[in-house]
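J.: Sequence:
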Amino acid sequence: MPGWKVLRSRLSEIEMRCIRLGFTTGVVLSFLQAEVSSEPLRLLSAGLTNIFQVIQMIVNLAVILTVNQNLQIIDIGLSDTQFSPTAILMYRKQQAYFRFRAAFYLMFLRPTIVAWLHLTVLRGNTEWLVFGLSQVLALVVYLLLLDGLRPTTDKRGLMKLWRSEVRSRSRSPRPAGLEAPAAAGTNLGAQTEPTEEAAIPELATPYVEF
1 MPGWKVLRSR
11 LSEIEMRCIR
21 LGFTTGVVLS
31 FLQAEVSSEP
41 LRLLSAGLTN
51 IFQVIQMIVN
61 LAVILTVNQN
71 LQIIDIGLSD
81 TQFSPTAILM
91 YRKQQAYFRF
101 RAAFYLMFLR
111 PTIVAWLHLT
121 VLRGNTEWLV
131 FGLSQVLALV
141 VYLLLLDGLR
151 PTTDKRGLMK
161 LWRSEVRSRS
171 RSPRPAGLEA
181 PAAAGTNLGA
191 QTEPTEEAAI
201 PELATPYVEF
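Sequential numbering of the sequence shown, starting at 1, is according to our numbering.
Derived from the structure by calculation, the hints contain no laboratory data. Since the model is a prediction, treat every value here as computed from it, not as a measurement. Virtual Cβ for every residue (Gly too), placed ideally from N, Cα, C. Any given hint could be a false lead.
[Claimed, not checked] Quick list of the computed label-pair ranges, beta carbon to beta carbon:
(1) Leu89 with Leu122: 37 to 47 Å
(2) Ile113 with Asp147: 18 to 28 Å
(3) Met16 with Phe108: 21 to 31 Å
Required output: the full structure, derived from the provided sequences and hints.
T.: See the structure below:
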């Protein structure tokens, strides 16, 4: 539920209408299909099944288009953003989207792959092999989802790399003529070492805790 609250605040009114329409239509068709599953109404039940499959295909296409659009937005953001905690967060989101898209493609194409193999390659008494192949593909989908949702272990390494990059940039010598003028009454010969806090520049975006 917390995830849905975050997603709900980012959806437009048209997207919410499509979600309500798809959910309501799916529920109504499920009840109608259960009611007309008797023998005299088998033709009507087959028609409802076809309508349900069409709606499912439309929803799947909408998911694929949304994922591809989000990947394009993240790619544009990464190309326009310097190396920072925000860029690290966007990179991790991009990798999660890649894994989710691969799992969704496999889940979407799994029935087609199994049916094609059953009709062309696995002929004869190979029902057990078709069933086993279907289960293996489903297991691969679950593994891809678990790999995309598991906690990552490279967060500390990315943050250390970012901090070292910031320190190296801040400690690099300035070009001639860009030194700030010294204030009146200060000792020009005395130099102080910059602290670690001063070496890290102020970010335009709030710090993201990883």
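J.: Now, for every hint given, state plainly whether the structure supports it.
T.: So, going through the hints one by one against the coordinates:
The hinted range of 37 to 47 Å is satisfied by leucine 89 and leucine 122, whose Cβ atoms lie roughly 45 Å apart. A beta carbon spacing of about 21 Å between isoleucine 113 and aspartate 147 agrees with the range 18 to 28 Å that was offered as a hint. Range check, methionine 16 to phenylalanine 108: Cβ separation about 24 Å, and the 21 to 31 Å hint holds.
Of the numbered hints listed earlier, not one is contradicted by the structure.
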